[in-house]
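Q: Sequence:
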Amino acid sequence: MYILPAIAMSFLINIPRWFELEIKVYKIPSTRNGSNTDIEEWGIAGTWLRYDKRYVNFYLNWTLLFFTGIIPLSLLAFLNTRIYLRIKEVQKVRTAQQTRNEPNFGATLASIIIIFIVCHLPRIVKNIYEIIVMNQVIESGETCSGMNPAKSLVHINNFILTLNASANFLVYCFVGSFGTQFLDILKRTFICSSILKGISKMKFQRGPTLRLEENVPKVSPLNGIEKITEDETNV
Numbered sequence: 001m002y003i004l005p006a007i008a009m010s011f012l013i014n015i016p017r018w019f020e021l022e023i024k025v026y027k028i029p030s031t032r033n034g035s036n037t038d039i040e041e042w043g044i045a046g047t048w049l050r051y052d053k054r055y056v057n058f059y060l061n062w063t064l065l066f067f068t069g070i071i072p073l074s075l076l077a078f079l080n081t082r083i084y085l086r087i088k089e090v091q092k093v094r095t096a097q098q099t100r101n102e103p104n105f106g107a108t109l110a111s112i113i114i115i116f117i118v119c120h121l122p123r124i125v126k127n128i129y130e131i132i133v134m135n136q137v138i139e140s141g142e143t144c145s146g147m148n149p150a151k152s153l154v155h156i157n158n159f160i161l162t163l164n165a166s167a168n169f170l171v172y173c174f175v176g177s178f179g180t181q182f183l184d185i186l187k188r189t190f191i192c193s194s195i196l197k198g199i200s201k202m203k204f205q206r207g208p209t210l211r212l213e214e215n216v217p218k219v220s221p222l223n224g225i226e227k228i229t230e231d232e233t234n235v
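Take 1 as the starting number for the sequence shown in this note's numbering and just add one per residue.
No lab work stands behind these hints: they were computed from the structure.
It should be emphasised that the depicted structure is a prediction, and the values quoted were computed from it without experimental measurement.
For glycine and all other residues, C-beta sits at the position ideal for the given N, C-alpha and C.
Check the hints yourself; a few may be wrong.
[Said to hold, decoys possible] Across the chosen pairs, the derived CB separations fall in these ranges: (1) T81 / L4: 25 to 33 Å; (2) L4 / I28: 18 to 26 Å; (3) T31 / M9: 46 to 54 Å; (4) I156 / T81: 52 to 60 Å; (5) E22 / I115: 36 to 44 Å; (6) F190 / I83: 27 to 35 Å; (7) L76 / L4: 16 to 24 Å; (8) P5 / S35: 26 to 34 Å; (9) I114 / N158: 15 to 23 Å; (10) L49 / R82: 21 to 29 Å; (11) L76 / I156: 18 to 26 Å; (12) V118 / R82: 19 to 27 Å; (13) L75 / A165: 13 to 21 Å; (14) I70 / S166: 18 to 26 Å.
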């Protein structure tokens, strides 16, 4: 129920992205392609919308800064702070023994919030930098031959955001008493699965064994259930 509004909002925000690029035919003269004729190649180029200063300023900078940066971070910090304070209130009411036996959800929650903010902060800084020097960024994207700080931050931001997606697993493992319980469950799961695989592998290598026991009832289509006689067993 909560996922559908997020998907709809993400789809609406990213609609203009489909109009930023177009397929274009590039003609390479014979003097550059090493042949006697001109060659045509298909490529992707930016449309007029992608280089429009108003579009870059309003959509790529301000809209994405608020809807994918400031607003999510503010909501995350506010809501999780309320949850953290509520957990502390509940722990004050309970006895010391009950609090000691329960997982420390407050530390886990605070760690997740801090990691999320730290990993998303460089992207927000990059967007603010592009807003301040918007004209320089647009011109450097066309003719700049040196290093552009905004372009260099893109790769760093992508790496940090990918790191944030996998950092929560480490938080569950090592932060608070909840991490101890999580590690115990993880160890039991992997150890049990490895033991079962080893047992099944040993059975497969040994192969099935056939054992004929005495006085085992068998079904006869004529007489129903009858016992195996000693003569049949010897055979």
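Q: Each of the hints needs a verdict: does it hold here or not?
A: A quick look at each hint next to the structure:
Taking 25 to 33 Å as the suggested C-beta distance range, the pair T81 and L4 conforms, at roughly 26 Å. The given range of 18 to 26 Å is broken by L4 and I28, whose C-beta atoms sit roughly 48 Å from each other. Taken as a hint, the range 46 to 54 Å holds for the pair T31 and M9, whose Cβ atoms sit roughly 51 Å apart. Between I156 and T81 the beta carbons are some 28 Å apart, a value that contradicts the proposed interval 52 to 60 Å.
Range check, E22 to I115: Cβ separation about 39 Å, and the 36 to 44 Å hint holds. Here the CB-CB span from F190 to I83 is close to 31 Å, well matched to the stated 27 to 35 Å. A beta carbon spacing of about 20 Å between L76 and L4 agrees with the range 16 to 24 Å that was offered as a hint. The hint said 26 to 34 Å for the Cβ distance between P5 and S35, and at roughly 56 Å that hint is violated.
Between I114 and N158 the beta carbons are some 21 Å apart, a value that agrees with the proposed interval 15 to 23 Å. Our hint of 21 to 29 Å for L49 and R82 is violated, since their Cβ atoms are close to 41 Å apart. Separation of L76 from I156 is about 22 Å and conforms to the stated range, judged on CB atoms against 18 to 26 Å. Restraint check, V118 to R82: a C-beta distance of roughly 21 Å satisfies the suggested window 19 to 27 Å.
As the Cβ distance of L75 to A165 is approximately 19 Å, the hint placing it in 13 to 21 Å holds. For the hinted restraint 18 to 26 Å between I70 and S166, the CB-CB distance of approximately 24 Å keeps it satisfied.
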